[in-house]
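Work out the full structure: start from the sequences and follow the hints.
Listed in order, the protein sequences are those of chains X and A. If you count the first sequence from 1, position 26 lands on 26 in the working numbering, and the numbers rise without skipping. If you want the working numbering, it's the position in the second sequence, counting the first as 1, plus 1000.
It is worth saying that the hints were derived from the structure and are not from the lab. Don't take every hint at face value.
[To be verified] Some residues of chain X that are not near chain A, with every Cβ distance over 10 Å (derived):
| no. | residue |
| --- | --- |
| 1 | E17 |
| 2 | F20 |
| 3 | L43 |
| 4 | R44 |
| 5 | V52 |
| 6 | K53 |
| 7 | P61 |
| 8 | G63 |
| 9 | R68 |
| 10 | I77 |
| 11 | S87 |
| 12 | E103 |
[Said to hold, decoys possible] Pulled a few chain A residues facing chain X out of the computed Cβ check, cut under 7 Å:
| no. | residue |
| --- | --- |
| 13 | P1008 |
| 14 | A1010 |
| 15 | G1042 |
| 16 | L1043 |
| 17 | H1045 |
| 18 | L1048 |
| 19 | G1103 |
| 20 | R1107 |
[Claimed, not checked] Negatives, chain X to chain A, calculated, CB over 10 Å:
| no. | residue |
| --- | --- |
| 21 | K18 |
| 22 | V19 |
| 23 | D26 |
| 24 | D28 |
| 25 | N31 |
| 26 | K55 |
| 27 | K70 |
| 28 | S82 |
| 29 | Q85 |
| 30 | Y102 |
| 31 | R111 |
| 32 | T115 |
Built from N, CA and C at the ideal position, the CB exists for glycine as well.
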Amino acid sequence: DVKVTQSSRYLVKRTGEKVFLECVQDMDHENMFWYRQDPGLGLRLIYFSYDVKMKEKGDIPEGYSVSREKKERFSLILESASTNQTSMYLCASSFSLAPRSYEQYFGPGTRLTVT
Amino acid sequence: SQQGEEDPQALSIQEGENATMNCSYKTSINNLQWYRQNSGRGLVHLILIRSNEREKHSGRLRVTLDTSKKSSSLLITASRAADTASYFCATDQYGNKLVFGAGTILRVKS
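This is the structure:
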């Protein structure tokens, strides 16, 4: 079974703090994704990575950065957390055979609260 | 940008009934996928239907795709309380990534 793990289920941070969210997958997937999920808005793509050290902006990259130094690990960084970044953050991974998309495997999510 | 739009936003049925959810999208797609999310959890992939397919089955799930109308439906037959969850459609816009809709909340009452 594919496993995608996220470093924390719940996180509370203060405004202005630098926040790191970690995601690890064990299926040797090329693609990894970070989404945020807010009520009524569904999932919105923040960043994705199709290979080590490669990244592309999604729909809402402002205020975020990412790092992928190893194939299995994809980190989301909030440079200076703000209250409007309070949300559920979901990491996912998938195989890559561009231009097709394949099923994505999701982690359990991190519920981040910024106060 | 929101590609998939699910309808209805919420659905409440009795155990044993069928549940139908619809998804509409705007541009041409490579495939369309349905996911389920239990409360406060990550999403789980249910089924993928390619643009050249019209119908697909998986257990109690039946998905249809009408590319001329840019719409899809997910039918869950003989629903169970454990089917209570949010259901999302996601479209592949030929870019190696998916675009998700806002989801349908399904509640199955026992």
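To see whether the hints hold, each was checked on the structure:
Against the 10 Å criterion, E17(X) stays outside the reach of chain A, whose nearest CB is about 24 Å from its own CB. With a least CB separation of 19 Å from chain A, F20(X) remains clear of the 10 Å interface cut-off, as annotated. With 10 Å as the threshold on Cβ separation, the claim that L43(X) sits away from chain A is violated: the shortest Cβ distance comes to roughly 4 Å. Not every C-beta of chain A lies more than 10 Å from that of R44(X), the closest at about 8 Å, which undercuts listing it as non-interface.
The Cβ of V52(X) lies farther than 10 Å from every Cβ of chain A, with a closest approach of about 16 Å, so its non-interface assignment holds. Against the 10 Å criterion, K53(X) stays outside the reach of chain A, whose nearest CB is about 17 Å from its own CB. The beta carbon of P61(X) sits about 13 Å from the closest Cβ of chain A, which is more than 10 Å, so the claim that it is off the interface holds. Annotated as non-interface, G63(X) keeps its C-beta farther than 10 Å from every C-beta of chain A; the closest such distance is 18 Å.
With a closest Cβ-Cβ approach of about 15 Å to chain A, R68(X) is found to remain outside the 10 Å limit, as its non-interface label requires. Distance check for I77(X) against chain A: the nearest CB is about 20 Å away, which clears 10 Å, and the non-interface claim stands. Listed as a non-interface residue, S87(X) keeps its Cβ farther than 10 Å from every Cβ of chain A; the least gap is roughly 13 Å. Residue placement check: E103(X) does not keep its beta carbon more than 10 Å from all beta carbons of chain A (closest about 4 Å).
Because the beta carbon of P1008(A) sits about 14 Å from the nearest beta carbon in chain X, more than 7 Å, this interface hint is broken. Against a cut-off of 7 Å between C-beta atoms, the interface hint on A1010(A) is violated, since the closest Cβ of chain X lies about 11 Å away. Here the hint on G1042(A) is kept, as its CB sits about 4 Å from the closest CB of chain X, short of 7 Å. Checking L1043(A) against chain X by beta carbon gives a least distance of about 4 Å; that is within 7 Å, so the hint holds.
The closest approach between the C-beta of H1045(A) and any C-beta of chain X is roughly 4 Å, which is under the 7 Å cut-off, so the hint is satisfied. This hint holds: L1048(A) has a C-beta 6 Å from the nearest C-beta of chain X, less than the 7 Å allowed. A hinted interface residue such as G1103(A) counts as satisfied when its beta carbon comes closer than 7 Å to some beta carbon of chain X; here the least separation is about 6 Å, so the hint holds. The restraint placing R1107(A) at the interface with chain X is violated, with a minimum CB-CB distance near 16 Å, outside the 7 Å limit.
At roughly 25 Å, the least C-beta separation between K18(X) and chain A is larger than 10 Å, which holds for a residue marked as non-interface. Chain A leaves V19(X) outside its interface by the beta-carbon criterion, the shortest separation being 19 Å against a cut-off of 10 Å. Once the 10 Å rule is applied to beta carbons, D26(X) is consistent with being away from chain A; the minimum gap is 15 Å. With a least beta-carbon separation of about 17 Å from chain A, D28(X) lies farther than 10 Å from that chain, consistent with its non-interface assignment.
Not every beta carbon of chain A lies more than 10 Å from that of N31(X), the smallest distance being close to 7 Å; the non-interface claim is violated. For K55(X), the non-interface assignment is confirmed: its Cβ lies about 12 Å from the closest Cβ of chain A, beyond the 10 Å cut-off. With a cut of 10 Å on Cβ distances, K70(X) stays outside the contact zone with chain A, its closest approach being about 20 Å. Listed as outside the interface, S82(X) is consistent with that label: its C-beta sits roughly 23 Å from the nearest C-beta of chain A, beyond the 10 Å cut-off.
The non-interface label for Q85(X) is consistent with chain A: the shortest C-beta to C-beta separation is roughly 19 Å, beyond 10 Å. Consistency note on Y102(X): stated as away from chain A, yet its beta-carbon is not over 10 Å from all of that chain's, at 8 Å minimum. Residue placement check: R111(X) does not keep its beta carbon more than 10 Å from all beta carbons of chain A (closest about 7 Å). No beta-carbon of chain A comes within 10 Å of the beta-carbon of T115(X); the shortest separation is about 20 Å.
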